[in-house]
Structure formats: structure tokens, C-alpha cells
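For what it's worth, my numbering labels the leading residue of the sequence shown as 2, then goes sequentially.
Treat each hint with caution, since some may be false.
Claimed, not checked - Computed cross-link-like contacts, DSSO-like style, restricted to lysine-lysine with a CA-CA straight-line distance of at most 27 Å:
(1) K41 x K25
(2) K25 x K38
(3) K22 x K38
If you are wondering where the hints come from, they were derived from the structure by calculation, not from laboratory data.
Owing to the predicted nature of the structure, the values given are computational and were not obtained by experimental measurement.
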Amino acid sequence: MLYYIWGVTVGGFLQLIHPHKSGKVTVPYPRKELDPKTVKSIFHQAGLI
């Protein structure tokens, strides 16, 4: 199952946690558009690629 829960806001970033996986996914916030490299990094942190 793929879902994350908002954990904490640190500076301009959200840190999301998964209820069954270890680690955190860090997402820049607030941003209207994300750089493609940032999106790839987010997917990598989430274990999707």
C-alpha cells in the first residue's frame, strides 16, 4: 500500500512518514512546480524507483 502521513514541517520542507516502512520522505514546500531531479529523488526516497 502506498501512502504517507505528514510527519513534520522543517523549514521549507515537509517530512512524510510511512506507517510500515522506516525512514522519511522529504518534500520541498510550498512550491508550485518541482524540478524533475527533485521528483526523482522523492520517488527514490519513497522506494518507488
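(request) Would you list, in rising numerical order, the hints stated earlier that this structure does not obey? (result) Failing hints: none at all.
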